[in-house]
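Trainee: Kindly produce the complete structure, drawing on both the sequences and the hints.
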Amino acid sequence: MIEIRILIQHPMETGYRHDDVGHLIKRNVINALSCRYDGVEVFRADLSSGISANPYVQFYTVAEASGDLEFTWIDDEGERGSERQAIVVKG
Amino acid sequence: MKRRDFLGGAAGALALPRAALAQVDPLDPLVRALAGGAPVRKGKVTLVLPQLADNGNSVPIRIAVDSPMTSADHVKSIHLYSERNPVPNMANFYLGPRAGKAEINSRVRLAGSQRLTAVAKLSDGSFWYDAAPIVVTLSACLDES
Numbered sequence: 001m002i003e004i005r006i007l008i009q010h011p012m013e014t015g016y017r018h019d020d021v022g023h024l025i026k027r028n029v030i031n032a033l034s035c036r037y038d039g040v041e042v043f044r045a046d047l048s049s050g051i052s053a054n055p056y057v058q059f060y061t062v063a064e065a066s067g068d069l070e071f072t073w074i075d076d077e078g079e080r081g082s083e084r085q086a087i088v089v090k091g
Numbered sequence: 092m093k094r095r096d097f098l099g100g101a102a103g104a105l106a107l108p109r110a111a112l113a114q115v116d117p118l119d120p121l122v123r124a125l126a127g128g129a130p131v132r133k134g135k136v137t138l139v140l141p142q143l144a145d146n147g148n149s150v151p152i153r154i155a156v157d158s159p160m161t162s163a164d165h166v167k168s169i170h171l172y173s174e175r176n177p178v179p180n181m182a183n184f185y186l187g188p189r190a191g192k193a194e195i196n197s198r199v200r201l202a203g204s205q206r207l208t209a210v211a212k213l214s215d216g217s218f219w220y221d222a223a224p225i226v227v228t229l230s231a232c233l234d235e236s
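As given, the protein sequences belong to chains A and B, one line each in that order. In this text, residue positions in the first sequence follow the working numbering: the first is 1, and each later residue adds one. In this text, residue positions in the second sequence follow the working numbering: the first is 92, and each later residue adds one.
Hints are not guaranteed to be accurate.
Chain B stretches covered by chain A per the calculated footprint, using a threshold of three residues with CB under 8 Å from any CB of chain A [to be verified]: (1) 126–137; (2) 165–177; (3) 195–208.
From the derived model, a few chain A residues whose C-beta atoms are all more than 10 Å from chain B [claimed, not checked]: (4) 52; (5) 77; (6) 79.
FYI, nobody ran anything at the bench for these hints, they're computed from the structure. All values reported here derive from a predicted model rather than from experimental measurement. Even glycine gets a Cβ: it sits at the ideal position worked out from N, Cα and C.
Mentor: Here's what the structure looks like:
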């Protein structure tokens, strides 16, 4: 069993804040995050403005065989991010 | 009045507001909608929050569910609700037997002192919850920085 910690640099803009001239700043949060292990989804999350800026999520998975962990996320503006990490299971 | 009686009475008076608070639950409709009529029982879920947060912008949270996480018996999802945030359904986490352990750690934003509720949906279709109160000195959403 392995512990996975993911920290994404993102403002998680709530949509309730104003800029310096009083205009409302549009909401932009990472709304979906998923983790695939060798192509099989092992974890997924729907996030909201209730998650802190630079969201941190920690969860667990069982490393059954060597493979790639692939993380993908998408924000309200449609911007996607991804990260890949190889896991090697020995013995 | 005996000292013992006085202390008993004082403790009872202190306990009262807490009990009254538990009866008014603004999250009830949301949790009931999630469960679709199934009973949501207290237990199995452990929601850990600090008792006091100086700043609501980033509060550590831990949600753990007592489950063997086998293909026959596992946690399907964990739902987090806030009493006072503008978005009550803060996050949903979807797990499966591949998780090995039903535990999530994260950091949340809180708009003021309130009670958070975590509801877990198990593979057998049952729902369990835990709730925890937290005092937030400086609310998120008020901070314009």
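Trainee: Look at each hint and say if it fits the structure.
Mentor: Hints, one by one, checked against the model:
no.	hint	verdict
1	126–137	violated (count 0)
2	165–177	holds (count 4)
3	195–208	holds (count 7)
4	52	violated, 4 Å
5	77	holds, 18 Å
6	79	holds, 19 Å
Violation of the numbered hints given earlier is confined to hints 1 and 4; the remaining hints are satisfied by the structure.
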